[in-house]
Amino acid sequence: MDLTLKIWRQKDSNSKGQMVDYKVTEISEHMSFLEMMDVLNEQLVNSGDEPVAFDHDCREGICGMCSMYINGEAHGPDRGITTCQLHMRMFKDGDTITIEPFRASAFPVIKDLVVDRESFERIQHAGGFISVNTSGNTQDANALPISKIAADEAMDAAACIGCGACVASCKNSSAMLFVGAKVSQYALLPQGQIEAKERVLNMVAQMDKEGFGNCTNTGACEVECPKGISLENIARMNREYLKASI
Amino acid sequence: MSGLLSSSIARKFAMALSALFLVFFLLMHVSINILSLFSEDAFNTASHFMGTNPLIQFVMQPILIIGVVFHFALGLILEIKNRKAQGVKYAQNNGAANSTWMSRNMIYSGAVILLLIAVHFVDFWFPELNYKYVQGLPEDPNRYYHELVEHFQNPARVGIYALAFIFLALHLLHGFQSAFQSMGANNKYTKGLKNFFAGYAIVVPALFIIIVLFHFLNH
Ligand code: SF4
Ligand code: FES
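Order-wise, the sequence lines are chains F and P. Each residue of the first sequence is one higher than the last, beginning at 583 in the working numbering. Each residue of the second sequence is one higher than the last, beginning at 716 in the working numbering.
Do not rely on the hints blindly, as some may be mistaken.
As a list, the in silico DSBU-like pairs of lysine-lysine whose alpha-carbon atoms are at most 30 Å apart [what the hints assert, rightly or not]:
#: 1; chain 1: P; residue 1: LYS909; chain 2: F; residue 2: LYS593
#: 2; chain 1: P; residue 1: LYS804; chain 2: F; residue 2: LYS791
#: 3; chain 1: F; residue 1: LYS588; chain 2: P; residue 2: LYS804
#: 4; chain 1: F; residue 1: LYS753; chain 2: P; residue 2: LYS909
Pulled from the structure, derived: some chain P residues nowhere near chain F, Cβ distances all over 10 Å [claimed, not checked]:
#: 5; residue: PHE728
#: 6; residue: PRO769
#: 7; residue: PHE773
#: 8; residue: LEU793
#: 9; residue: VAL827
#: 10; residue: LEU829
#: 11; residue: TYR860
#: 12; residue: HIS861
#: 13; residue: ALA900
#: 14; residue: GLY907
#: 15; residue: VAL918
#: 16; residue: ILE925
#: 17; residue: PHE929
Restraint-style ranges between C-beta atoms, simulated for each label pair [claimed, not checked]:
#: 18; chain 1: F; residue 1: GLN625; chain 2: P; residue 2: ALA826; range: 44 to 50 Å
#: 19; chain 1: P; residue 1: ALA826; chain 2: F; residue 2: CYS645; range: 41 to 47 Å
#: 20; chain 1: F; residue 1: PRO690; chain 2: P; residue 2: LEU720; range: 25 to 31 Å
What the hints contain is simulated information worked out from the structure, not anything from laboratory work. Backbone N, C-alpha and C define an ideal beta-carbon position, used for all residues, glycine too.
Model the full assembly from the supplied sequences, consistent with the hints where possible.
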């Protein structure tokens, strides 16, 4: 299929960017979206132009690196996937596809479609961990009984890959789904209880400091999240925060 | 207060608590108004009580006004903060793909409700203050029903109220369940509650519209 691409080009974080039109031809419907971008970049390199910078790593839908806001949605029109798992069969011959970086003040553009998501790392450093002694006296995993429901819910929350689609989709650029998932995965398990209070307070404080917006429960994050992280995790974080504050 | 509301989750609680308070007030308001459909006397008695009881006049009423001002002011502050957090706007953004119109336009439906409150103040509250405190007229416990009927003889006013109540329904459709989510109440047990919230959001504004139309058409 032949496509017109409207892509955000921006030289570096200090430059002003703009949308630029490109044409690609003979794209197979079996290609992934990133492979289509590879075709474009080869074309650009061959003609001596600067290729479009975009993030990617695993190309298996597990690392969360590939970002891109495609036709007005994070990771494009498909559900439950990252951009590397988006296939060209979702588009038709002759389509025009708009491709932008994830937008949020807390995700500044580094170049073209690549944004800086270090703000997520700093939130994690503020409390997204448990402190354990790993020096030789490892405990038996079954020494602490955990209910099946709690284990399942914790596992679901831990599925978050930190991709940032929730922030990109949110009209308020709120990071509550991400932070809600990270808080929940520990809040549901006995191992997370010792540091529960500082965890939620510190992570929320860091989230606010990074300049993410205020959640108004539109639910866009949950719909666009590639890992199906539920809004229930935000509600749980709110409860944890209330518990820690009083 | 800025200390108390310095965190995004604290602001969320504040928004939700003030919302739930206003939702409860709406229920009281509509309950009294419904009486006017059935009995002039019952409506007069209830209105006379509300209009003269010192606890309601000097405690509840100021709390209500503070509640409205607080909810609106915080909503506006959050809207400004959130626009800043978004930074550069998308060239193409398909919000309808992942969220409801109501949830994305709370600031606008809220603004219409604020206008409704302003109109309502000019229509009922200012004349009421004038009657009671400026002119100091003696209380007539039977005046309320006639005041109500008289106000809704003007088709323009009826239209404005009806339209504004539709925006109230849109605001509540997102707002009521959103307040519960903000308070941390969202799990597998609260699914059924969502239907109740949606029902409330439609039924209460619809009752207001019915009451206004009833008096317009019946007199
Ligand atoms: S919650 Fe979902 S959308 Fe947000 S960072 Fe985690 S995986 Fe990505
Ligand atoms: S490149 Fe790893 S999830 Fe897409």
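Consistency of the hints with the structure:
no. : hint                              : in the structure
1   : LYS909(P) / LYS593(F)             : 47 Å, violated
2   : LYS804(P) / LYS791(F)             : 21 Å, holds
3   : LYS588(F) / LYS804(P)             : 15 Å, holds
4   : LYS753(F) / LYS909(P)             : 23 Å, holds
5   : PHE728                            : 7 Å, violated
6   : PRO769                            : 34 Å, holds
7   : PHE773                            : 31 Å, holds
8   : LEU793                            : 5 Å, violated
9   : VAL827                            : 17 Å, holds
10  : LEU829                            : 17 Å, holds
11  : TYR860                            : 40 Å, holds
12  : HIS861                            : 42 Å, holds
13  : ALA900                            : 6 Å, violated
14  : GLY907                            : 15 Å, holds
15  : VAL918                            : 22 Å, holds
16  : ILE925                            : 30 Å, holds
17  : PHE929                            : 35 Å, holds
18  : GLN625(F) / ALA826(P): 44 to 50 Å : 49 Å, holds
19  : ALA826(P) / CYS645(F): 41 to 47 Å : 43 Å, holds
20  : PRO690(F) / LEU720(P): 25 to 31 Å : 27 Å, holds
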